[in-house]
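Since the structure of chain A is provided, determine the placement of chain B on it from the hints.
In case you want the letters, here they are:
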Amino acid sequence: MSGAAVLPRRAAAARRWHRGVPARVPYVVIALYALMAVLGPLVIDYDPVHTPLQDRLLAPGARIASGEIAWLGTDALGRDILAQIVYGARTSLTIGLATVLVASLVGVTIGVVSGYARGRLDAVLARIIDILQAFPAILLAIVIAGVFARSVPVVVLALSVTAWISFARVTRGVALSLRERAWVDAARVMGVPVRSIMVRHVLPFTVGPVVALATLEFALVVLAEAGLSFLGIGLPSTAVSWGQTIANGQQYLETAWWISTLPGIALSLLIINIGILGDQLTARYGQRRGRI
Amino acid sequence: MTHFRKSTATAAVAVLLLTACSTTTGGTAGGGTAGRDLTAAGTYPIESLDPHGAQGATTGTQLAAQAIFSRLVRPDATGQVTGDLAEKWEPGATAAQWNFHLRSGATFSDGKPVTSADVVASFERMQKLDGPNAANFPDYEMTAPSADQVTLTAPAPDASIPRKLGLFYVIPAGVTAEDTAFFERPVGSGPFTVNRFAPSEVLAMSANSKHWAGAPQLDRLEIRTIPDLSARLTALRTGEVDVVWGIPDDQLPVLRGTSGVTVETVPSTAVFTMWFNSSSPALKSPKVRRALWQAVDFATIIKQLYPETGALADGLVAPPVLGYAKQEPVGYDPQAAKAALREAGFESGEKLRLQFSDAEFRPFVQAVASGLAESGVQVDVLEKEKAVFTKDLLALNWDINFQQLATPTYDAASNLGRLYPCAAGRTGYCNKELDALLAKAGASADEAERAELYGQAGQIIWRDAVGMYPMTVKLAYAWGKKVTEFTPDPSGLPDFSRVKLTAK
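Chains as they are written, first to last, in the working numbering: chain A, 1 to 292; chain B, 1001 to 1504.
Only chain B is shown next, with the shape it has when bound in the complex:
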């Protein structure tokens, strides 16, 4: 029995320690302080280095891929498309065909030149693996008319091709779809080469001296996964890591008070998106959906929970995204909301199922549920495991769905154009007029015209309250004093090839 007493006492203290231990990671004078070495701790784990595979669309793999591989084109920190392997590009007769001219002098880290054959082989590999990135290019075809030119042909005009290609990475030809060994020490044409990779733990890289734009300023770059937030921030303060991002508001004042730490926020492309399931009988009417939107005091919630990294949204997509159009804000008006709900005969008896996935959004979602409850709308807050959440999301097994929806391509085509047509069936909402606008916007090659059309489409979605669009998100970055030139990236994918360190 003394054994029990011992084990219970240990176990009882363990619950306390479970929380406490998270902040007591050994503050050893960490690696990465010598020479021009940089250690970063991102928000999401890197589980695979294969940019064409099933993990290809995850933030972790994207972060790794842009350091190791090159793309034809990539978005810069403001969302503009800039050339990477491609020097220039132009559409063919219609926007269904795009030509890309490769720059000369680009080589892989093993010294072999990057040719159009590598680009085409990579594209075919991505299509063959049929990962999430391939879904952006259904039945698209890439050919190589010459050694320094590739042509991408789409089944229908698609003006967003250059922006979508920001998700496509080039690897050497000859790597088969099933080749997993290659990605243990991959050969790429990016600014860094891999020294060591342990999934969800660490990715250690050194500078690629053969990079076409010149070797990066760093000698070594290490991206470490520290899942626990407080441990990550402690590591930043002790100097164990140099750059951290994705920091919640409540931690920012503490970090600001730490000497040598620079904190900066940057507007991201993400918008808190709370779709209503328009196919559910209770939420069929746009009046009811709009009333629910009015019933929540989003301004106060944002001011309290996200004073620094949140702002009341005034559009469906974030301002840097092509297709952003300012909409008339939906103000907090509980009286009007209640009256509208009563008039529409809204049944408050049944609970609305509000689903979300990540624990970091729990406070926000709970505050929204609280706001709705005050207007007499009962909500069942359902926090789901990621896989279950995705399954239910696609099956429309919810009444209100919360998501932080980012537009990494900086193009409304991959947000509005992908999610809101009737055929997509993502929200239960269907509007022929909207469908026509979205199809027209997707087919046009003129950026100004597309922005205008997406703006009109956005107005319909906003007016009919297909969802609530409460907040645009900023990303908070913090870095130590040895980092001098660092540009916070809106997508959470900082480019380390331009980072400079103070001379020691």
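Just chain A, same shape as in the assembly:
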């Protein structure tokens, strides 16, 4: 609880932060992915509906019929793998960001209200969180994504349904301890409306842990989206997704390894780097979470 105990940990975290190149690798990698997702589609042209069959199953570096080079090969319908990775990055990052945004908005609101209000409202909300947490997240996502027609918003909804829980738990814990702090008491005594207290005096302190958590959730969401697409639920077949590309190459692992392997590597690299980044951020901002 004491500041003295916290400070050395904080200082150590800060030192790790400044320790140089290795610690910055995740930033660079994630920036590259973001760049690829934003600018890639402007440079590379790709139409998932178009299937140039004469170019099917070409190895990386082979020349396609139009004379261009397929740097990462083509799939069973002659579509370029590099383009699928680039467009897939856009899909993954978009769905990841949207889901984390929705989940954190819902989660933080419920968490802060629940933690600040305490009493009966808190008891009800906390039990709902407990019940939802007992449910396997991916199963719930599969059910929801399976019931509705395939589309991006449905995937975002299916993944958000369970993703908000961790946000709510973290912010509830922070809010519970913050509401006892002197400045919150002071605001209350001065007659500041409850809503303003929550927004001005409680909410800002949740930002650190929420950002750290959001990073980790982001990695899980990207992975879950790939999993859903791999199973053939969620995204429409006109959307480009790493999971779909990996699934398409499944029966060609022996003869055309590049179809599944390369998007798989792209996915793993992103997840691992986000994970490392998330750990770094948690070490830096998330220590309050450790006390909850």
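Read the hints as simulated data drawn from the structure, not as lab findings.
Please note that a few of the clues may not be correct.
[What the hints assert, rightly or not] Pulled a few chain B residues facing chain A out of the computed Cβ check, cut under 7 angstroms: (1) Thr1225; (2) Leu1229; (3) Ala1231; (4) Ser1370; (5) Ala1373; (6) Val1381.
[Stated by the list, open to error] Selected chain B positions facing chain A (in silico; Cβ < 10 angstroms): (7) Gln1251; (8) Pro1253; (9) Ile1301; (10) Arg1362; (11) Val1379; (12) Asp1464.
Positions of the beta carbon are idealized from the N, C-alpha and C atoms, including for glycine.
Relative to chain A, chain B alone:
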């Protein structure tokens, strides 16, 4: 948090492994190598052994049923009707009545003789359960004039009765409709008897020494379900299984390169059928439907995706089926297609919903969508789960419907006669002239006349482009070196009673 790092890393690798693990099934020197034992891995799971029940029409149950039970008659590998329990059969005064004479000496595996009472009881059980096979015999009645004769009476003349009876299996009388325990270790008169059955996993059988045609060459037959294709092919290469079928084209060269593996393709009765919903305003005109057919370069798609197991179709049904008639091919002509669409005022603004069900057809359907898109026709490719697909199919909730349509009875009656009359309401297409032809063909007892009539009906369907009929399908079989006499079956239902193994 380290927990997270661990779990994420594991999960990330898991997606890769998910695909990788499928080929790494333990290559143990599998069962079935000793003695005269054969292990087969089919394309579809066996979920039930009850040939009269709800699963009765599935390929898996049919495969099991023909090994365990007998039929009155059955189609041979060329599609001709041959006797099984029935030695001979003939129509009565009209084709509404058929008499079947049972062979003497046929017994069940428990030693009891097969009598006409068993046949009639089985038929009644099938009708009572009202499964998909019973739908072929609405209000039909079977009676037993004597112990070795049965008579099937139809409400109207039906010449396809012998072929349709290929779906009807005989079980001992006394098995009630609700008796599920019987099918755990069923007693039948087929070439094999059941040792162990685990639904969707394995069906282990041994030879029935009391079979009327003599015991099969095999001692034991095991039909295993291996859902994943690459695992199935690996099992064939390691010798874990001896026969595999339903292999996609892209895997055939690899298998051919494997020593000791024989690969053979056989023309099946299946045709890729892509109906247009003629009740949808955009597709009402035969000109539009025909133009859409012309807009897709099917020849190239087939050459690229199905170089070995596909061929451009020239009829509504496959050549071995009664009622097959060669039609004039619809060639690829994008210019003519575009012009015809423009002339007909086809609205390209709205997307056509193209529905299909199995993932194995995804590449083909996507290639068709690509072809249509090049002619300016936007298509929404909708891959549906089987139950949803069937529901939407019957509700005409689609614009183009893709199906691999097989004719297991080798008779156009169960394809053209069942699907294209106005009353069937399957395609939104209705033509009185066609209805009359189909009704006449269904009622005639003369095979040549029926073939002629179905040919004429086919011509109308083809001309009006009720659907696109791009491809006839071949089935690819592969078997290991210990199997010597194996006849690939066009319906994907190989007969294991005649299979021989090399002496060891």
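Here's how the hints hold up against the structure:
Evaluation of the Thr1225 (chain B) hint against chain A yields a violated restraint, the C-beta minimum of about 17 angstroms exceeding 7 angstroms. Of the supplied interface hints, the one on Leu1229 (chain B) holds, with its beta-carbon coming within about 5 angstroms of a beta-carbon of chain A, less than 7 angstroms. Contact between Ala1231 (chain B) and chain A, as hinted, is not supported at the beta carbon level, the nearest pair being about 11 angstroms apart and thus beyond 7 angstroms. The beta carbon of Ser1370 (chain B) is positioned within 7 angstroms of a beta carbon in chain A (closest approach about 4 angstroms), and the interface hint is therefore held.
Hint status for Ala1373 (chain B): holds, given a least beta-carbon distance of 5 angstroms to chain A, under 7 angstroms. The interface hint given for Val1381 (chain B) is met, as the beta carbon of that residue sits about 5 angstroms from the closest beta carbon of chain A, less than 7 angstroms. Satisfaction of the interface hint for Gln1251 (chain B) is found here, the shortest Cβ-Cβ separation to chain A being roughly 7 angstroms, below the 10 angstroms cut-off. Residue-level restraint check for Pro1253 (chain B) holds (minimum Cβ-Cβ distance to chain A is 8 angstroms; threshold 10 angstroms).
A least Cβ separation of about 6 angstroms between Ile1301 (chain B) and chain A falls short of the 10 angstroms threshold, and the interface hint therefore holds. Because the closest C-beta pair between Arg1362 (chain B) and chain A is about 7 angstroms apart, less than 10 angstroms, the hint holds. With its C-beta approaching chain A no nearer than about 8 angstroms, Val1379 (chain B) sits inside the 10 angstroms limit, and its interface hint holds. With a cut of 10 angstroms, the hint placing Asp1464 (chain B) at the interface with chain A is violated, because the nearest CB-to-CB distance is about 28 angstroms.
When each numbered hint is compared with the structure, violations occur for hints 1, 3, 12.
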